[in-house]
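Trainee: Take a look at the letters that make up each chain.
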Amino acid sequence: MMTAVLNLLGTTPRARRRALWGIALILPNTIGLFVFFGIPVLMSFNTSLQEWNGIRPAVYIGLDNFERLASDTRFWNALSNTLQLLLMIVPLEMLLALGVALLLNQQRLKGRAVFRTIYFLPVVTSTVAASVVWAWIFQPRFGLLDMFIAPLGFTDIRWMTSPDLVLVPIAAVAIWQRLGFDMVLFLAGLQSIPGVLYEAAIIDGANRWQRFRYVTLPMLSPITFLVVVLAIIHGFQIFDQVFIMTARTVPGGVGGSATTLTYLLYDSGFVRSQFGYASAVAVVLFAIILSVTVGQLRLQRYWVYYESGEAQ
Amino acid sequence: MNQTQTIATTRQPDASPKYMDIGIRRKILVYIVLAFGAVVMLMPFIWMASTSCKPPTELNQLPVRFIPQDPACAINLDALYDISPLFNSYLMNSFIVTIGRTLGQLIICSLAAYGFARFRFPGRNILFAMCLGLLMVPYQAIVIPQYVLVRDMGLLNTLPAIIVPNMFSAFALFLLRQAFMQIPIELEEAAEIDGANPLLVLWHVVLPLSIPALAAFGVITVQAAWNDFLWPLVAANTPDTRVVTIGISLLQGERSTPWNLIMMGSLIATLPMVVLFMLLQRYFIEGVAMTGVNR
Numbered sequence: 017m018m019t020a021v022l023n024l025l026g027t028t029p030r031a032r033r034r035a036l037w038g039i040a041l042i043l044p045n046t047i048g049l050f051v052f053f054g055i056p057v058l059m060s061f062n063t064s065l066q067e068w069n070g071i072r073p074a075v076y077i078g079l080d081n082f083e084r085l086a087s088d089t090r091f092w093n094a095l096s097n098t099l100q101l102l103l104m105i106v107p108l109e110m111l112l113a114l115g116v117a118l119l120l121n122q123q124r125l126k127g128r129a130v131f132r133t134i135y136f137l138p139v140v141t142s143t144v145a146a147s148v149v150w151a152w153i154f155q156p157r158f159g160l161l162d163m164f165i166a167p168l169g170f171t172d173i174r175w176m177t178s179p180d181l182v183l184v185p186i187a188a189v190a191i192w193q194r195l196g197f198d199m200v201l202f203l204a205g206l207q208s209i210p211g212v213l214y215e216a217a218i219i220d221g222a223n224r225w226q227r228f229r230y231v232t233l234p235m236l237s238p239i240t241f242l243v244v245v246l247a248i249i250h251g252f253q254i255f256d257q258v259f260i261m262t263a264r265t266v267p268g269g270v271g272g273s274a275t276t277l278t279y280l281l282y283d284s285g286f287v288r289s290q291f292g293y294a295s296a297v298a299v300v301l302f303a304i305i306l307s308v309t310v311g312q313l314r315l316q317r318y319w320v321y322y323e324s325g326e327a328q
Numbered sequence: 703m704n705q706t707q708t709i710a711t712t713r714q715p716d717a718s719p720k721y722m723d724i725g726i727r728r729k730i731l732v733y734i735v736l737a738f739g740a741v742v743m744l745m746p747f748i749w750m751a752s753t754s755c756k757p758p759t760e761l762n763q764l765p766v767r768f769i770p771q772d773p774a775c776a777i778n779l780d781a782l783y784d785i786s787p788l789f790n791s792y793l794m795n796s797f798i799v800t801i802g803r804t805l806g807q808l809i810i811c812s813l814a815a816y817g818f819a820r821f822r823f824p825g826r827n828i829l830f831a832m833c834l835g836l837l838m839v840p841y842q843a844i845v846i847p848q849y850v851l852v853r854d855m856g857l858l859n860t861l862p863a864i865i866v867p868n869m870f871s872a873f874a875l876f877l878l879r880q881a882f883m884q885i886p887i888e889l890e891e892a893a894e895i896d897g898a899n900p901l902l903v904l905w906h907v908v909l910p911l912s913i914p915a916l917a918a919f920g921v922i923t924v925q926a927a928w929n930d931f932l933w934p935l936v937a938a939n940t941p942d943t944r945v946v947t948i949g950i951s952l953l954q955g956e957r958s959t960p961w962n963l964i965m966m967g968s969l970i971a972t973l974p975m976v977v978l979f980m981l982l983q984r985y986f987i988e989g990v991a992m993t994g995v996n997r
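Line by line, the protein sequences are chains A and B. Taken in order, the first sequence gives residues 17 to 328; the numbers are from this note's numbering. Taken in order, the second sequence gives residues 703 to 997; the numbers are from this note's numbering.
Next comes chain A alone, as it looks inside the complex (with noise of 0.2 Å):
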């Protein structure tokens, strides 16, 4: 029984003491992973079968808290929020990303330097002091925003009680936040496709539009479909827009049109104690999640070129 176990560590004195080094080295942290974040996703899934308010005994309630969800109008509601956000964010933060990093990929760019700490210092700012910003930028009348506005016969909008406007400013916040991030990646990538790629294409005599629709994209592609990808994942997760910028009026908009599905989480969980209700959003969100990125994965081989000619 010893012997057997011992040699499950290793054949040799020497490969059990490093056998057993290394699972002391690994241990403070997997357990500290099975702890806060293993279970914590089991006790989810568990916790979306009750009717629990935190406090007195859970009780099971099978799927309720899921066909409550789906006649709920408020979550249905939440989802078409986090929708409409993730078209007005993803492309425009994608494209502008994408255009930056061009422009400032040209050889003998003086100042790149300064573009790119610029481009990136939203990156650093956070969410909050943004969002803080932002509202203020949005402010009816006096906010910076009338002042542009304002020539184009636009004025006195009120973005943040505006059920049809809300999700704009919080749109704005999320482009301005994750811009530099997209940039960087994209600006690695263009950097590591090989300057003879080019060089071939121009001996073929491609011209300038060629070369970026043949060489740049198809190689860059790898990258493109991570930022995608990220930028998907990021846009689900909203939350800290919504909290701040409504925090002066009426938090998650009126009539809940600002509610995203992390802020109806939240609400549900934090502010009105459901935690069943809460818990069975949060399956959602994890299930949506996990389709975003399987279903990339899969939808990958039609649209990524990898130069190895597999897939990751």
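Watch out, some of these pointers could steer you wrong.
Taking lysine to any residue and the SDA-like style, the derived pairs with C-alpha atoms no more than 25 Å apart in a straight line are [as the list claims (entries may be wrong)]:
id, chain 1, residue 1, chain 2, residue 2
1, A, K126, A, A204
2, B, K729, A, L95
3, B, K729, A, V299
4, B, K729, A, Y214
5, A, K126, A, T232
6, B, K729, B, W749
7, A, K126, B, K729
8, B, K729, A, R34
9, B, K729, A, T171
Which bits of chain A does chain B cover? Going by a derived footprint, with three or more residues having C-beta under 8 Å, they are [stated by the list, open to error]:
id, segment
10, 179–188
11, 253–261
Facing chain B, from chain A, some residues (calculated, C-beta under 10 Å) [said to hold, decoys possible]:
id, residue
12, A129
13, S295
14, L306
Simulated from the structure, these hints should not be mistaken for lab results. Fair warning: this is a prediction, and the values are worked out from it, not measured in the lab. Don't be surprised by glycine CBs; every beta carbon is placed ideally from N, CA and C.
Since the structure of chain A is already known, use the hints to place chain B on it.
Mentor: Here is chain B on its own, set in the frame of chain A:
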């Protein structure tokens, strides 16, 4: 193979390849577009700084002025502490939490990453795969059970409630393991032959050789910890445990708080990260490239 070498060697180090050359008119256009974008990106910072120095009378003045007629920076700073007397303590809490989370992750995850990178033990691969699986879990999806756990441990509304769960990271484990595996193993073996135990090898050989990766990971963690909002909001939202992001949200939540004071608070909370970024820019950029590319 030979051909690529020729091309590589014939290219002058400073001369750019021809395909990237752009005409002077095009170049000016590029600069104009980039400069316009830069102004847009900087505008919120300028607006923040400008507002934070405006006296209340100038807040609702049209047309908008960027340089206050009657600068009131010092007055606004005092006024901020009048309506938020604990603002310095919020800053201090943010500082403690940031240091705790970053050091904790660097130490605990370095140990684990080294263990997974260089040691064989039963169950290693399955454990590592399980840790990686956690990367797929969005943080928001487990915030409720984490809250319940921290509450049941009696940590609720203490600074450790914010720090402890964030000292462990699957992400750090993954990144640091990658970095450690790139170090030539002969160096570690030589140290081991000299009688050093694995902890000494890690400290004297592996970590010094991984400083760029540790720094890149460190600044990303510092930034995430300083800017975190949702977790501190649910885990430690009492006057003596609040972090600065919550402090700002409280200013914002009071409808009566004037914008100049809110901007002053945001400016103070933003400055440390901006300064850190200016000083360690290279590592921030590397950190993003690393986190993105490896994810």
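Trainee: The structure should be examined with respect to each hint, and the outcome stated for every one.
Mentor: Outcome of the hint check:
no.	hint	verdict
1	A/K126 x A/A204	holds (18 Å)
2	B/K729 x A/L95	violated (44 Å)
3	B/K729 x A/V299	violated (51 Å)
4	B/K729 x A/Y214	holds (20 Å)
5	A/K126 x A/T232	holds (22 Å)
6	B/K729 x B/W749	violated (30 Å)
7	A/K126 x B/K729	holds (10 Å)
8	B/K729 x A/R34	violated (59 Å)
9	B/K729 x A/T171	violated (37 Å)
10	179–188	violated (count 0)
11	253–261	holds (count 5)
12	A129	holds (8 Å)
13	S295	holds (6 Å)
14	L306	holds (6 Å)
Violation of the numbered hints given earlier is confined to hints 2, 3, 6, 8, 9, 10; the remaining hints are satisfied by the structure.
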